[in-house]
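If you read the protein sequences in the order shown, they are chains A and B.
Counting from 1, one number per residue, gives the positions in the first sequence under our numbering.
Counting from 1, one number per residue, gives the positions in the second sequence under our numbering.
Check before you lean on any hint, since a few could be wrong.
Unchecked claim - Okay, derived cross-link-like pairs now, DSS-like style, lysine-lysine, Cα gap no bigger than 25 Å in a straight line:
1. LYS220/A / LYS373/B
2. LYS156/B / LYS373/B
3. LYS135/A / LYS265/B
4. LYS330/B / LYS137/A
5. LYS156/B / LYS134/B
6. LYS327/A / LYS57/B
7. LYS265/B / LYS137/A
8. LYS189/B / LYS263/A
The set of hints was computed from the structure by calculation and includes no laboratory data.
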Amino acid sequence: MELQKIIEKGLALGLEEVEVYANLSESNTLKLNDGALEAYDVKSLFGVSIRALYQGKMGYVYTETLEDEAVDEILQQLLQNIQVLDATEPEFMYGAGANYQPVPPLISDYSKYTTADKLAMLQKLEQDVLATSDKIKKVGYCQYTETSNQTEIINSKGLNLKREHSYISTFVGALASENDQTVMGYAGDINTSFKNLELDRLVKESTESALSQLGAGFVKTGNYPVVLKRDVATEILSAFSSVFEGNAALLKMTSLTDKVGQKVLGENVTIIDDPFYDDALVKVSFDDEGVPCQTKKVVDKGVFTGFMHNLKTANFFQTEPTGNGFKAGTAGSISTSATNLFIEEGNLSKDEILATVEEGIFVTEVNGLHAGLNPISGDFNVQASGFMIRNGKLAEPITLFVVSGNFYEMMNQVEAIGNDIEKRFVGVASPTLKIKSLAISGK
Amino acid sequence: MSVNHKVVFGIDEKMAKEILETALSTGGEFAEVYMENTTSEVFQMRSGKLSNANVSKVKGAAIRIIKDGMEVNCSVTICTPKVLLEKAKLLAGSFSDERKTEVLPFQEKKVELVVNPKRVRGDDASEEVQLLQKSTEGAFAYSSEIVQVIASIVKKEQHMFVFASDGTWQTDYRCNTRLACQAVASDGKDMQPGFSSFGRNQGMEMFEGFDASDFGKRVASDAVEMLHAEQMQGGEMPVVIHNGFGGVILHEACVHGLEATSVAKGMSVFCGKLGEKVASDIVNAVDDGTNLNAWGSINVDDEGTPSKCNVLIENGILKSYLVDKKNAKKMNHPITGSSRRESYKYQTTSRMTNTYFLNGTSTFEEIIANTEKGLFAKEMGGGSVNPATGEFNFAVNVAYLIENGKITKPVKGATLVGSGKDVLLRIDMIADNLSCGYGMCGSSSGSIPTIVGQPTIRVSHMTVGGKGGNA
Numbered sequence: 001m002e003l004q005k006i007i008e009k010g011l012a013l014g015l016e017e018v019e020v021y022a023n024l025s026e027s028n029t030l031k032l033n034d035g036a037l038e039a040y041d042v043k044s045l046f047g048v049s050i051r052a053l054y055q056g057k058m059g060y061v062y063t064e065t066l067e068d069e070a071v072d073e074i075l076q077q078l079l080q081n082i083q084v085l086d087a088t089e090p091e092f093m094y095g096a097g098a099n100y101q102p103v104p105p106l107i108s109d110y111s112k113y114t115t116a117d118k119l120a121m122l123q124k125l126e127q128d129v130l131a132t133s134d135k136i137k138k139v140g141y142c143q144y145t146e147t148s149n150q151t152e153i154i155n156s157k158g159l160n161l162k163r164e165h166s167y168i169s170t171f172v173g174a175l176a177s178e179n180d181q182t183v184m185g186y187a188g189d190i191n192t193s194f195k196n197l198e199l200d201r202l203v204k205e206s207t208e209s210a211l212s213q214l215g216a217g218f219v220k221t222g223n224y225p226v227v228l229k230r231d232v233a234t235e236i237l238s239a240f241s242s243v244f245e246g247n248a249a250l251l252k253m254t255s256l257t258d259k260v261g262q263k264v265l266g267e268n269v270t271i272i273d274d275p276f277y278d279d280a281l282v283k284v285s286f287d288d289e290g291v292p293c294q295t296k297k298v299v300d301k302g303v304f305t306g307f308m309h310n311l312k313t314a315n316f317f318q319t320e321p322t323g324n325g326f327k328a329g330t331a332g333s334i335s336t337s338a339t340n341l342f343i344e345e346g347n348l349s350k351d352e353i354l355a356t357v358e359e360g361i362f363v364t365e366v367n368g369l370h371a372g373l374n375p376i377s378g379d380f381n382v383q384a385s386g387f388m389i390r391n392g393k394l395a396e397p398i399t400l401f402v403v404s405g406n407f408y409e410m411m412n413q414v415e416a417i418g419n420d421i422e423k424r425f426v427g428v429a430s431p432t433l434k435i436k437s438l439a440i441s442g443k
Numbered sequence: 001m002s003v004n005h006k007v008v009f010g011i012d013e014k015m016a017k018e019i020l021e022t023a024l025s026t027g028g029e030f031a032e033v034y035m036e037n038t039t040s041e042v043f044q045m046r047s048g049k050l051s052n053a054n055v056s057k058v059k060g061a062a063i064r065i066i067k068d069g070m071e072v073n074c075s076v077t078i079c080t081p082k083v084l085l086e087k088a089k090l091l092a093g094s095f096s097d098e099r100k101t102e103v104l105p106f107q108e109k110k111v112e113l114v115v116n117p118k119r120v121r122g123d124d125a126s127e128e129v130q131l132l133q134k135s136t137e138g139a140f141a142y143s144s145e146i147v148q149v150i151a152s153i154v155k156k157e158q159h160m161f162v163f164a165s166d167g168t169w170q171t172d173y174r175c176n177t178r179l180a181c182q183a184v185a186s187d188g189k190d191m192q193p194g195f196s197s198f199g200r201n202q203g204m205e206m207f208e209g210f211d212a213s214d215f216g217k218r219v220a221s222d223a224v225e226m227l228h229a230e231q232m233q234g235g236e237m238p239v240v241i242h243n244g245f246g247g248v249i250l251h252e253a254c255v256h257g258l259e260a261t262s263v264a265k266g267m268s269v270f271c272g273k274l275g276e277k278v279a280s281d282i283v284n285a286v287d288d289g290t291n292l293n294a295w296g297s298i299n300v301d302d303e304g305t306p307s308k309c310n311v312l313i314e315n316g317i318l319k320s321y322l323v324d325k326k327n328a329k330k331m332n333h334p335i336t337g338s339s340r341r342e343s344y345k346y347q348t349t350s351r352m353t354n355t356y357f358l359n360g361t362s363t364f365e366e367i368i369a370n371t372e373k374g375l376f377a378k379e380m381g382g383g384s385v386n387p388a389t390g391e392f393n394f395a396v397n398v399a400y401l402i403e404n405g406k407i408t409k410p411v412k413g414a415t416l417v418g419s420g421k422d423v424l425l426r427i428d429m430i431a432d433n434l435s436c437g438y439g440m441c442g443s444s445s446g447s448i449p450t451i452v453g454q455p456t457i458r459v460s461h462m463t464v465g466g467k468g469g470n471a
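Same shape as in the complex, but just chain B:
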């Protein structure tokens, strides 16, 4: 679906050219205007009752000029052509050079649509409400120990328009829908939450064939299982990280350190490592923004560049960083079509889309059978990393011990920590069961939907935190 920029944003080519020419009047090398008109809806059900149905409308623009590696930006809610001209002039006042760059003729690129939502909402709210009800009922029905269920559907529908002095003239339409469910289990003494989510770049058609009741049940079963689990005993050991959201290890331990935001400033442990071995030979990883209607996919990025599949690691060798227009020049690296921002309130920069390890040649069963003693991290939680030092952490939401090649008892409270440059080299087995999880990634340009994914992998040894086994 294309966006009529004249109707939605009130800007024609003549006005656009005038704004950019004003911005470049003092020697700027590149000028860009990003505009958006976004509607978000949240439906939340608590213990079977619809408690929230909120709508938010966000509309605004950001204008930026780049010169000699410096970026000046202005984000404004009021974004009439007059205000944009004023702000272009204000920002141009940051420089005092002669005009160097002409605005190239605008040309909208033909883009193959990888995000193509069909039915943004149900005919009335009942379709959404029914999904929440089924998830809630599924969770409560699983066990009498479930004391609370909070289910929500969040939708974000975004019309975006970007034009720039390099001839960029691009509109895009995005529609993210995410169902999430949190259940709390209690035995009267302890309380334990469980959580899961399912998201796509689609409308309500994504729920065709989706079993919401089973979705709620799985969340409840995780909460109950962990309620009765023993505390993990910490130490260093082999860790088997399961497929799906387990891919958060790639996301945190490595790919944040491949984003130009860190690399261009020399603030990543992966600086200067292109073409070098950064992972064990069996590791292949991609960031692919083109998976059809996937949660992290985009037709074009927020600079108007079509998304693509970027091979990051091939047979253990680092092949690419994630790079936006500003940093491409500085890093002498191709643009990767993954410059993203939560909204006009944030400055766009290199981010992830759908990021995952590719399948290996082992099977899940072989990996478990080959592990004498270790941790099986079945469902991962969130994590964080400092790209400059490479040190990362993440929580394990559902975990089991592996003893003598078998998965034995459940354990709770496990946290994994390590250093990104070590952990990739220690991956010694990869299964053939690639699947994906649905995350929201927070960084300097805000919170954006990303897929983390992987087949089951084994890390030969890692530090696992936990408080069990102590007097």
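Okay, chain A solo, but in the shape it has when bound:
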């Protein structure tokens, strides 16, 4: 069925405005284990989210079946559900005619290569990881996925937009063991060019990470100066990014609601949301409501400049939408989310930052961020591993400790910012950060 026909059917039913968001996602995954292909997985998934305005209220349904009868039934259900809803904030749909900044396409060349090419690549990757050291006993994960995604958004107000991208992700996990201790080191690459996959980097990063953790001991409980590896700083920023979103403000799930225009982080911290950022893998010109995306400093030298909004939250807070109306998955409702959110780089390398620490901790991995944080208060407590820093250099590895702090307090105590944001990052990025002091719980 043509998507346009869904809109016609919806309008005929009495719905006032109708919008269709359709997604086709196709992927192929190859997983290698002990030199042989362990799994080959092909996916072809299609889904349509329909939302409609009726009496000032917005309802959502999702279906994977577009046969006439199924569409009629789900549209009926949509109308019924909207009638049950209470009127909350005013809702809107975006029309045609906006000016969109064009973005370079994200298109991979993987279809030019055969499955045999891809298998051979994985086999070499696995062998190279194993060849690094006798202590690398196994390659726990060695996998390749190629993904293509097509999204179409059309509505009864004339909006008609398409977005398409394809890319390759490669992931490797090296398992090292010695003296009854087992550790894992991971590395991943997201790329568009099959020939330019960064396999050497994957080998180096995964094996160095695993080998360096061997013999890890425990750290004494206390407060320490802490350097967060860029991946760790990125994960923490990502976990707290919702505090800058209009939807969190609407739900009263952020403490920043009455702090627009105030200094909330240290003045050396600037956080930018840039949908067109050169070093980001994905560039986007419109959000999932069809609103043009725009670059903005969310935090400018420590000052919170305003929430990232969709149409509804912008209207509620009496401001302009910022092109941040995104949904989590095709079936979800429109919420808010950053495009490419990152902490502006400083001018020191990671090693230069480590050199400033006499005794402290370099955190290289955190686990459990989904549970061990309170996005409202900003408190976090997460399992971590890393290294002691002594006299400006990395010393012995340490594991199974907890890093505790508060996001706002921490970002007011940033003593150094690295110049090392990851190239081709996806979604969120941070350079290396040095924090004056965080609570560490260990032995």
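Using the hints, position chain B against chain A.
Then chain B, alone, in the frame of chain A:
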């Protein structure tokens, strides 16, 4: 309730046989088709107003072939018999052997129903809306410090059909319903959330006798209690983990490491430990998919195997892993009836159902009285584990200090970390008050409902994280 596969999925035995024969034409040892037709509904109330009433319909199929330990899979939204035949042929193209396996005659197993929902929804939406309203009112009425309440009911109704070359021909009907409530307390300076949920494999009949107002009140009381709590001071200490959702420690610290996904690849700290001591002598643990209408129960798993009660640990000795069809052969281990997937979009694998420690002989009061100084973890939050290293973490949502054998002041921000192979050996007291919590477990085959449960237990020493007590 049985599912009419011909009506729901348009597949008859002749067509099924043809698809499987095509899949096995190049030497595959096993071929299987899984189909589902699922409707999910979400009702969400924010500050007393119904803000969402969404419906999602998911329909699709997955077809897989296994040969020499390799699995090829295809997940498709469009799943007409013609498309399934095409995909069977495509997947068969991965191999180039002679046909080795014949499709056995289909036989539907008679299964004793352990999941038997009666009334999926109220006559209109008002029954659901009333439950949300009562939870919300209960939370707001508890304290003027409650500034936000978000209550939701999520339902998932699934018709599933699986047929395979080993003669499997099974349909199942599942219906999960879960009420959840989140309340935020604020004193104008700090903000603190509280959360709880109640879920069963049933329809609206599960709420008969359920006090939604009290449910909301308990969530609010946790949020307010923790708002005014001091920050936990980290260190190593005895930890008493309360019953109910406290069982997440068994789930994370141990049983993820017993899933064939990790064990078959040699990627678990529990590899090769069957028959060996992995826990202290007082520890007994099961994974039981047959508890009547329980949140994590299933009549049959997603490979069509009836669920059962699997004893995992008996008197401290490891008795069983959790194993699916593919890994049973590789591991030389019986199938445990617990292969699960969120949907056709994920490849099925060994997962948990209802997992819990069995009762011990101590009482809750004895455990507290016998602990001089430590942490009482009353309500656990979520956690995670790396099965290869056994290192785990989880958050404690509501906690108190134990001082001189008594529960004293509330503390917030405690996180527990440790290693799975150590923590089970350090359980030195188990109470007689087994109860359950309702979780959603995320792993390689997606997000599935699981019960975590236990009586109150004491771990002699663990690393507790927290930022309190520091200048």
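Consistency of the hints with the structure:
For the suggested pair LYS220/A and LYS373/B, the alpha carbons sit about 19 Å apart, so the restraint of at most 25 Å is met. Between LYS156/B and LYS373/B the alpha-carbon distance is near 44 Å, which puts this suggested pair outside the 25 Å criterion. For a cut-off of 25 Å, the pair hint linking LYS135/A to LYS265/B stands: about 18 Å separates their Cα positions. Distance hint between LYS330/B and LYS137/A is fulfilled; the C-alpha atoms sit about 20 Å from each other, no more than 25 Å.
Only pairs whose Cα atoms come within 25 Å are accepted, and LYS156/B paired with LYS134/B is accepted, the gap being roughly 22 Å. At most 25 Å may separate the alpha-carbon atoms for a hinted pair to count; LYS327/A and LYS57/B meet this at roughly 17 Å. The suggested pairing of LYS265/B with LYS137/A holds, with an alpha-carbon distance near 12 Å, which does not exceed 25 Å. Restraint check for LYS189/B and LYS263/A: satisfied, since their Cα atoms lie roughly 16 Å apart, inside the 25 Å limit.
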